[in-house]
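Student: Protein chains in written order, with the working numbering: chain L, 1 to 357; chain W, 1 to 357; chain R, 1 to 357; chain H, 1 to 357.
The hints are simulated quantities; they were obtained by calculation from the structure and are not laboratory data. Careful: at least some of the hints might be erroneous.
The list cannot tell twin chains apart, which means a pair is met if one copy fits it or any two copies do.
To be verified - Simulated pairs of lysine-lysine, PhoX-like, Cα-Cα distance not exceeding 25 Å:
#1 K7 x K147
#2 K73 x K91
#3 K196 x K319
#4 K196 x K7
#5 K177 x K196
Keep in mind it's a predicted model, so treat the numbers as computed, not measured.
There are 4 protein chains.
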Amino acid sequence: MNTFGQKIKVTVFGQSHATAIGVVVDGLEANFPIDEQKLQSFVDRRAPGKNAFSTSRKEADKVKIVSGLYNGKTCGAPICAIIENGDQHSKDYSELEAKMRPSHADYPANVKFDGNFDVRGGGQFSGRLTAPICVAGAIIMQMLEQKGVYIGAHILSIGEIEDDRFDNMCNSCDYIKTASDKDFPVLNDKKGEMMKEKILEAKNNLDSVGGSIECMITGLEAGIGEPMFDGLENVIAHSVFAIPAVKGIEFGAGFEVSKRYGSQNNDEYTYDENGRVRTLSNNAGGICAGMSTSMPINFDVCIKPTPSIARCQKTVNIKTGKNDVLEIKGRHDPCIVQRAVPCIEAAAAIAIAQFLL
Amino acid sequence: MNTFGQKIKVTVFGQSHATAIGVVVDGLEANFPIDEQKLQSFVDRRAPGKNAFSTSRKEADKVKIVSGLYNGKTCGAPICAIIENGDQHSKDYSELEAKMRPSHADYPANVKFDGNFDVRGGGQFSGRLTAPICVAGAIIMQMLEQKGVYIGAHILSIGEIEDDRFDNMCNSCDYIKTASDKDFPVLNDKKGEMMKEKILEAKNNLDSVGGSIECMITGLEAGIGEPMFDGLENVIAHSVFAIPAVKGIEFGAGFEVSKRYGSQNNDEYTYDENGRVRTLSNNAGGICAGMSTSMPINFDVCIKPTPSIARCQKTVNIKTGKNDVLEIKGRHDPCIVQRAVPCIEAAAAIAIAQFLL
Amino acid sequence: MNTFGQKIKVTVFGQSHATAIGVVVDGLEANFPIDEQKLQSFVDRRAPGKNAFSTSRKEADKVKIVSGLYNGKTCGAPICAIIENGDQHSKDYSELEAKMRPSHADYPANVKFDGNFDVRGGGQFSGRLTAPICVAGAIIMQMLEQKGVYIGAHILSIGEIEDDRFDNMCNSCDYIKTASDKDFPVLNDKKGEMMKEKILEAKNNLDSVGGSIECMITGLEAGIGEPMFDGLENVIAHSVFAIPAVKGIEFGAGFEVSKRYGSQNNDEYTYDENGRVRTLSNNAGGICAGMSTSMPINFDVCIKPTPSIARCQKTVNIKTGKNDVLEIKGRHDPCIVQRAVPCIEAAAAIAIAQFLL
Amino acid sequence: MNTFGQKIKVTVFGQSHATAIGVVVDGLEANFPIDEQKLQSFVDRRAPGKNAFSTSRKEADKVKIVSGLYNGKTCGAPICAIIENGDQHSKDYSELEAKMRPSHADYPANVKFDGNFDVRGGGQFSGRLTAPICVAGAIIMQMLEQKGVYIGAHILSIGEIEDDRFDNMCNSCDYIKTASDKDFPVLNDKKGEMMKEKILEAKNNLDSVGGSIECMITGLEAGIGEPMFDGLENVIAHSVFAIPAVKGIEFGAGFEVSKRYGSQNNDEYTYDENGRVRTLSNNAGGICAGMSTSMPINFDVCIKPTPSIARCQKTVNIKTGKNDVLEIKGRHDPCIVQRAVPCIEAAAAIAIAQFLL
């Protein structure tokens, strides 16, 4: 459901057009100072309306902490943070209640919720609900960073255009933040320009385009992760699929391993100059048998193209019980990959918190 | 840890060389007849020693149900099933306690468990622990099949050699079992022969080879799956990463979506001749927003090459604190993909059980 | 922590002097109309300031539903409800940060939360946090009542003065609501007057007084409850101890059974005139082996006297590290038993929801 | 269901007449030596057949550790321990399948499990299933004791006859073990003799008798316990009600608090000669607001008289659908309180483990 985690529990609530959306984070240690400005800046990274590459809808997304702080520090009570939904236009939603948008939650949600699915703006399935995930992730990342654990992500590809990859042997915390702070979070800005063109091309064609994201986590000591069902891969994957549009995840060399020989894929061990154990390669993405190896954790996710496109699409009309056609109106993201980058960082942080906080 | 699930709890125990390995399955409805012969046959699909493509070690893997049945039917008590470990050779494990096998659990496990990791045969991280998962999966699949839900998988690739794909528009329960019953579970037997050659080539080179598996689930009605953190993708991924060597999972078109336009990737809806809602394509792998769309659920996983290879490898010696080399002795699987096929089916069944049983 | 339940998850947040307190209720079925007026009325039952028997502090406790409704009905999204904390006087809390109030959370909370416990008004340990529990309980009770399950409670005793007991053989839903709707919820109003005198006596002596509450649940069919760790008694007890000041719980004849013979305590079965199974007595409080027997569920809890009393008390001063004395100022409840009655009903509802919703 | 705990997961399986009963304990730290002899001795404390005060049925109850140890120490893998059920007489259970034993699990279990309840020896509801709980408790207690936390219990009453109470101000670990090691675990042996007479009297009358148990836990530092739903009281109560026949639990002064004034019940703080915070009384049973105060934890439970009595009882016959009478044959415990003492210690240990291990 909408709660994740055993040790650090993250509970998300709200719908796109409800009074507010928000999150409760429980289980955090007390006496930790929360930098609210830094928190807001993180959440702003996913905000729309910043440029031509995302929806022109403006959302202030001002985070308001309702509980859990005392003297500016965590006090052991759960943190509840709320983002109020601005005044939404009172639209006519009758068409969307009848005609199911292809590749959206609409049809399965209508079946599941017995016809009373909140269709306004996508309801609880709106990408807007990733804002509370970012809030939770931003709080947790402040704590993780104090323990020396850093999380960064960047756009790995848009359509066929690929960014450079992270150097997965590099444990530097600054390095993995390189892309995070950019408006368009790529490592190679030239590739970034090409990606932007690709997005505008899709937009001009009343279409959308998919992509992928690479995420890396540094600073985890060896031996973090529980056996079998609660390994790092299990828990990260569980968390990351909460971000809508994610359709796949692969760790380290990922699907490439299916084509390899063991002698190519094994990561041999060595003591480094400081007597610390490292591997000579990092095909495992820092995880063996669900546990950290001491190398950076590294995974990719793929993001499907936004299903909301302005083209005419075939669909069913559940009011008439007949086949129908639909043109989705309004402003949409021609690509959500760039906005999903902080969401993936946040989902990773929520997962890692289960092991470290 | 070693328990998975909220509604149906699966708890796995044992180490490769402990007295036994086994599983407890709790939360099953009562009064359901268990076909123990069918259960044993399913578990036998992962057994080694059947041919030249897997390890020559023979394991009887006789499943013994210790509790949970009355009059041959479930009685509401948890089912506990045990597989006794045969007499293991009393080997000298001192080398393995010192030299960490690359890409195995050894090093992180030693750190995590404070030096008392059961190294014999891989301990709790042995692939042998997938046998209890198969037991749990086989029990659950008997129940799911009675509800019309069928699960099948096949080898999708070994090295560069690819099998045909499932027709992901086909909801037939017989169809998805085609490969499952074969000794070498592929759809296209010619490709299967090429794969076997690939495996033998790796074996002859003292090497191993990776691959991938496709799994499909039919018969799920629309609207199954919980929002956000407990969608089908979250829960299936969580469960499937419990199978050692899985390094990635993708649903439907998977990573391919990153290269697509929305107009190519969206699955348009239609009423079929029986008035049921279907989609005209199934790029979503049967899942939108974490919920089933009524189409077959479809996912791929990649399996890394077995890390146990007979070649000399560099590693660290944690007893001497120095770099060292290691030649792993004994009999190993040159490829575990074919043996992992029923394990993936079982892990999928355990995940689906959380929503349906 | 602050989340309870597997099927229906109730997450409480807030501190007495935070911006707000509130609750998230997740897992509720969709399409159920919520009567917000009825919800507010339930919450008002625990409100203070209604008469001389509770604190004179007025709290509006207006419940504001932030998410989870669409067209006035549940829509499958989690319900989040908030109660804003009124403008709290900016008091000087330095004395309470130093001197630990006896039998309050202060001392253990200071140890647990590393010195940053929100001491204002009791922080997260304030009795005020039972308001969100009442909100959750009230929502759930509306759903339970539609399934024929009713929950009622009354003051069983204040000091030595005892109310009549419920007739635990009576399955009538009206009957168990008799006391709930009264301002001073007792079955026998004469006893109620004596109790009020007792409370005023304590108040006049700058003291407080304890009491007990009886709760009954009707309409549960036989066989509800899970074996061993998740029986009705386990789960109800777990939930009810969330209400501060509860120090004990007993089901049916309770501690009285310790003095009985089996022949006195056993509840013999019979078919009633409608062919339904009933018992001839209900010493079990409607629960055998953790499961409902079809008879009313019945339990008592004891409530300790409010620890906040105006008398001078010995305590430790953690700033000086020396023994000290403390006079607690401000307005306090001389007795909280009457205000706890709806809280116990709510906690029972939250427990029962795990089995029925 | 049959699994308890988040951090330390205890999963019990088996039925009275299944092949075996047992338990899986997961989440234990590695490298801890387990004294198997001490474990067996603990389990032997609940064994029947030792004297005239319990059933004459002999059970060897030999604990066999199946997994989880390596070099005699925990190795991070779950511990699975099994107790084989001896050869049970092949009895005719048709009468018990038809006639529901009063105050047993039979009737609700038949409804719940759709008619396929394992009636043999009480099935999964047999008191025999407390043996695996004792195994788990004994393992956990070995670990807790290393951390300075000790748990002891004794018979507090049988019928009207009361033992002395523990001195709940005394934190000595030896003291609370006084009664545990006795064959008939009481503090005052004279009272113990009177209790034995009471039990024999009940036995001679073909009857049974109830009682109560006091349990104490020493060595917990202040501040242990989570707020609201996961306080010490919530979790201990949840665990303890897993012991069949427990009908109530009260902490510290318990139900007595309902008759008290705050000035009588509050526990004032003081620094002791070593500068440690203590309270001048311990009416709270060592718990305030769900957290430990640093004083001994102290609670009582009541145990109902064994429902199996040889007298003729009225009941329903679910095969004929008519009222009927039943005489329960075989050997029964005239009193189970003495055998329940280690079970209560074990249940307390399982609860405390969630906070400390």
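Student: Within, between, both or neither: how does the pair K177, K196 come out at a Cα-Cα threshold of 25 Å?
Tutor: within (21 Å within a copy, 45 Å between copies)
Student: Indicate which option fits the pair K7, K147 if close means a Cα-Cα distance not exceeding 25 Å: within, between, both or neither.
Tutor: both (17 Å within a copy, 22 Å between copies)
Student: Quick one: K196 to K319, C-alpha cut-off 25 Å, is that within a copy, between copies, both, or neither?
Tutor: Neither, since 40 Å and 54 Å both go past 25 Å.
Student: At most 25 Å between alpha carbons: which applies to K73 and K91, within, between, both or neither?
Tutor: between (42 Å within a copy, 19 Å between copies)
Student: Between K196 and K7, at a C-alpha cutoff of 25 Å, which is it: within one copy, between copies, both, or neither?
Tutor: neither (40 Å within a copy, 44 Å between copies)
The structure does not agree with the numbered hints 3, 4 stated previously, though it agrees with the rest.
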